[in-house]
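K.L.:
Chains as they are written, first to last, in the UniProt record's numbering: chain A, 1 to 383; chain B, 1 to 383; chain C, 1 to 383; chain D, 1 to 383.
In case anyone wonders, no lab produced these hints; they're calculated from the structure.
These numbers come from a predicted model, not from an experiment.
There's no promise every hint is true.
Pairs of lysine-lysine residues, derived as DSSO-like cross-links and limited to a Cα-Cα distance of at most 27 Å, are as follows [as the list claims (entries may be wrong)]: (1) B:62 - C:2; (2) C:269 - A:196; (3) C:62 - B:3.
Read off the chains here:
There are 4 protein chains.
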Amino acid sequence: MKKICVVVTARPSYSRIKTALTAIQKHPKLELQLVIAGSALLGRYGNAIDFIEKDGFEIAEKVFMVLEGENPTSMAKTTGLGVMELANVFYKLQPDAVVTIADRFETIATSIAASYQNIPLIHIQGGEVTGNIDEKVRHANTKLADLHLVASEDAKERVLKMGENPEMVFNTGCPSIDLAKEIKENPKLDFNPIEKYGGVGEVIDWKNGYLVVMQHPVTTEYTSARQDVLKTLEAIHELNIPTFWFWPNVDAGSDGTSNGIRYFRETVKPKNIHFFKNMEPNDFLRLLVNSKCLVGNSSVGIRECSYLGVPVVNIGTRQNRRQRGSNVLDTIYDKNEIIKAIENRISSKSIVSSTIYGDGNSGEMIADVLAETNLTFHKTIMY
Amino acid sequence: MKKICVVVTARPSYSRIKTALTAIQKHPKLELQLVIAGSALLGRYGNAIDFIEKDGFEIAEKVFMVLEGENPTSMAKTTGLGVMELANVFYKLQPDAVVTIADRFETIATSIAASYQNIPLIHIQGGEVTGNIDEKVRHANTKLADLHLVASEDAKERVLKMGENPEMVFNTGCPSIDLAKEIKENPKLDFNPIEKYGGVGEVIDWKNGYLVVMQHPVTTEYTSARQDVLKTLEAIHELNIPTFWFWPNVDAGSDGTSNGIRYFRETVKPKNIHFFKNMEPNDFLRLLVNSKCLVGNSSVGIRECSYLGVPVVNIGTRQNRRQRGSNVLDTIYDKNEIIKAIENRISSKSIVSSTIYGDGNSGEMIADVLAETNLTFHKTIMY
Amino acid sequence: MKKICVVVTARPSYSRIKTALTAIQKHPKLELQLVIAGSALLGRYGNAIDFIEKDGFEIAEKVFMVLEGENPTSMAKTTGLGVMELANVFYKLQPDAVVTIADRFETIATSIAASYQNIPLIHIQGGEVTGNIDEKVRHANTKLADLHLVASEDAKERVLKMGENPEMVFNTGCPSIDLAKEIKENPKLDFNPIEKYGGVGEVIDWKNGYLVVMQHPVTTEYTSARQDVLKTLEAIHELNIPTFWFWPNVDAGSDGTSNGIRYFRETVKPKNIHFFKNMEPNDFLRLLVNSKCLVGNSSVGIRECSYLGVPVVNIGTRQNRRQRGSNVLDTIYDKNEIIKAIENRISSKSIVSSTIYGDGNSGEMIADVLAETNLTFHKTIMY
Amino acid sequence: MKKICVVVTARPSYSRIKTALTAIQKHPKLELQLVIAGSALLGRYGNAIDFIEKDGFEIAEKVFMVLEGENPTSMAKTTGLGVMELANVFYKLQPDAVVTIADRFETIATSIAASYQNIPLIHIQGGEVTGNIDEKVRHANTKLADLHLVASEDAKERVLKMGENPEMVFNTGCPSIDLAKEIKENPKLDFNPIEKYGGVGEVIDWKNGYLVVMQHPVTTEYTSARQDVLKTLEAIHELNIPTFWFWPNVDAGSDGTSNGIRYFRETVKPKNIHFFKNMEPNDFLRLLVNSKCLVGNSSVGIRECSYLGVPVVNIGTRQNRRQRGSNVLDTIYDKNEIIKAIENRISSKSIVSSTIYGDGNSGEMIADVLAETNLTFHKTIMY
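The following block holds chain A by itself, in its conformation from the complex:
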């Protein structure tokens, strides 16, 4: 039995790995050691831990490591503390391999704590391209990792170009598509979002169609986070379409974004927007698949929505050069441009689904690769 230790540090990462966790747990040759860390433990960022426990996963260790401040200095210190804490955790759990997910700033803590202790490191979802500190972190994770499970052909090629061993790079697709597949097969919106999740703001009438907005601060430009979110708020307010708006997750600058939202709510009191903090992943996907359009800069727009065929207005540079389907229309932080883009998406007839990020069996593919690949912690660049 190979012991596979997976570290989940944030709410969105959980959706990116959930079906793989299930598949690892079920696999006869694998044993799952699940570590929940960072903002995934905190109420302020949506209590991902509650969803995870409700889904029946056993938690091997919890790691409190987030420093208050929500600025670049506290991001760095959170990461440093994460290295120290996760070094202890891996020393104790003695896993045969550690999995680090994607490119959030604190994921490099997992990578360092594992690789420095000579534990084979597996990086999920490397090789993509965005435009800020995530970009640096993702590729640094690639260079620390021994095995790469990427989510698209485009990403695979990029990891290979960076000098990784072709025998250790697999396109498994993204487990988030597995969840999307279930929803696609049975897309009915079977709950009342406001009744089930509360939230704040107006009780909007969403039954005749609605928008969903999810906009995160872009770390390296965090002073402008407040200004950026105000553009989107103004556009949504002017459009006057019923809208569900999700608060951003933890990041330097979430203060800027959150402040912008709070300021707009108190001064403008928009009648067409209802705000949520969090939602169970399945419910969120169901909400998306029934929406007119997703607006913002979330990677969900690039990934799950491409598979689901949901129209997306992607604003700004956060998703940068990530491969995208025809469902996505890119625009900039300008009220009128955002309005125009949303109108375009809503009226478009030709939006189709794509399998760029997998066809819905990614979790099992990941478990199989983990079970069958000979893991090692030695590597050398190929050129």
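With chain A's structure known, arrange chains B, C and D on it following the hints.
P.N.:
This is chains B, C and D only, laid out in the frame that chain A set:
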């Protein structure tokens, strides 16, 4: 004036940057902020701080961050603590750019603390190839860095292949060659090593020729460090040529190497070996240029010795695929093979100098690039 | 010039030391090194740093050290991180003495970082008695400290009984009384609280008299914090007197208290309560001196209000055996008891001012003691 | 079953608790959770962990927390790191009570991590008096602790005077006396120290009587540690009696002491001294009971030797006002005074055993008190 913050974390790194420090200090457009951290502050690892202060550099901050243990877990925790401490330091110094040097395990702490705080990161001596955790750390540093000052054409090509922007990659050579140049121009051994540096072991007669040995543990194989060093000790003992042996610097496993040396000294009491803990860089180069051969796995053999034309026996995988001159003969950890290799080098007539790693003005080139390049903390992979 | 380093870690501590800071700054034999740390730097806890800078103090160092979580584990880890960070700060500032204030959980970090580095430690406001972790922390600070500046005769006796050297224990009163004195001399409420500070909740009519409530969670009972605050909310709601309510400062359990407040606001929507996050200390005192009664468990009720002659209803165990004036009526967490106690205080004719905690020149007394006392870091228990 | 978590942070602490560990393990109402931390894990300080495992104890957690540097700053930072790490450990183990032992600098980390998490804290061996940072740490531990198990009547009175609850203070004696009792009953020196433990220095002829020296640096005077140890070395050298000398344990300044010893060895090459790094506790006691005299400043001289009736020369202030038997003669750091004192002790006929620190069943008494006492984490000073 651009404020350039350079972080030196270990004795050997100082030689790799010294002439650049001087050039930055003198440059009219640059201001030096020198941070000394990690083992460079500790007596057990040769008190690099003393040499640095003696050379007249002003220290902006000292960072104590080394955890006891000398095992992979303490390496990871030292790195995590380094991130936390250096985050504070950069927050306070507010540099315009931070320089991280080469590939020691703790150098990634500098990289994270700078890049996460949106400070342009400059990586010195990326793009080389070796064979253990250094390999992973070096390339991860490259992916976190915005500007790359590499030491050879070979390294430059590799950094470009990894997707870095050609406008931000410069082959400046290695500042250690600048020091070597001074020595080459005036190579006389003008001091008595044992009188000046004490050390332990036999007082050998070095006046008719001697070997120098410097062997570091290879981190990912640290349990075998003790066994490896014993092979070299046996070979040197059997050859019975007067030898100066340098203790290894801090690393997981230095215990293994140090234990091996101590054990051999106490049981075999070799009459032909004298042991040093440390030496001023210039004196060390002077010792090398007058030696018959350098034995071990130090990168000095690959770099400075190639410029100086000193014969080198390089043992094991530590230097791996680093570009090397014709002065180097590679061998394995086997007593007889080491003896054969040393005999080959000592008797070779054809060893010539090379400028693979620069021609002696690297420090000034580095300062000029820093002054003239437009520094930024945004980057995106080129493909 | 003696360098006196004062560490302020929270908003309420600042009021307890402000006039002493001014007096140290002005004293010809003293130099102030002001360190702002912990929640005093964070927006979520009232941005004390902004008031401090506005008051014209120069900040020598800022120390980010608060871990997210607001539970006992994060309190402990915040303290540990504080020790590490403050050790660096004192190493760099090289003060002749360090001042730690009162008994918040993180103040022991200051005490350890100073005393372990052989820097004389001065403890302000030891010797009092309360009823939770503060109680342990306060007396542990006393045992780590070399000089004790206490705020009442009662406290002085207690510190002496604990075995401290009588030559090193001074009753200087509390600097918060100095601020109260200024207000007492000129008590007019010269601003409109809601216009100046915003806040949330109903715009109450406060012109004909109002209550002030300030209730903090009691750390060792943090699961009951929510329930406790609901009792007070119910009592205030039923009384239906216009009320200004202040959110609690950072502590494990503030989530409980804050949740209770938020829940009550949303479900009951009390028409007579307006909520503030923070207020400038002088404005806060002015608000108090013009109020009918202060309700809750804040030490302001015991101290400043005793000097100001403001009626106080003190609920629960938080202030425990702290010496109190006749202005204070103690009660328990029971709606009816709280109502009765408030009615008693409001109707009482006989509330007079007392000087238990000083007569208004505490700041200068503190500076004088610091200047004249021979500071040392050696001590031995007196019995 | 009450879960009792005991934290051992150093070699000497283990002897102070060993029989209590055994008794806790055997007690039907108690479950032992043994945490080994700090220098007890490190080879440089005698690998206490090896002895503990050899004695058959199961280790619940290992905590690496020692920062390199051996100066006051690294002592403080080690303690801060200890708080962070032990907070995790207690969060995970969820003990019903935590035991902190005596007064080493890092023991306060255990106290904070437990008390801040509302876990009842038990302090072993409070109430004694010494003369440096240990003095402050010990009494601060007392003020953080809920239950006090002291080692002498004198100590008990002092803890009570400090305001602790008489129902929570027990004189259990010191478990180290339990070990001494076994040896006293069978005192034959049944091993050859040099054969069994190696060590360095001359092979002395100890069969006709020998001295034992154990001298630790006194933290607050660490610059004079080197000078102090040289006085003792000179005295022992001049006396020319065969001597076993033990290296100091980890402390700021051990560098000073260790340097002094190394310097003396290399320059003077004393023919009558053999040096050991460590010895199993039982062997050490056997060595003591057969010696002419113990010299230095170890608390073993005050405790075990008083029970064993071994003559002791106690030098300097380290043991200060600790209660002592008639076996101890105090002196100062002066070569001639030390010589005189040793000669006095060696020739004294009247040295008798005493039971100040217990009569040999301390371990069981401790376990019984732990089992029978109602543990709580609430306390208030008694006056």
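K.L.:
Can you name, in rising order, the numbers of the hints this structure does not satisfy?
P.N.:
none
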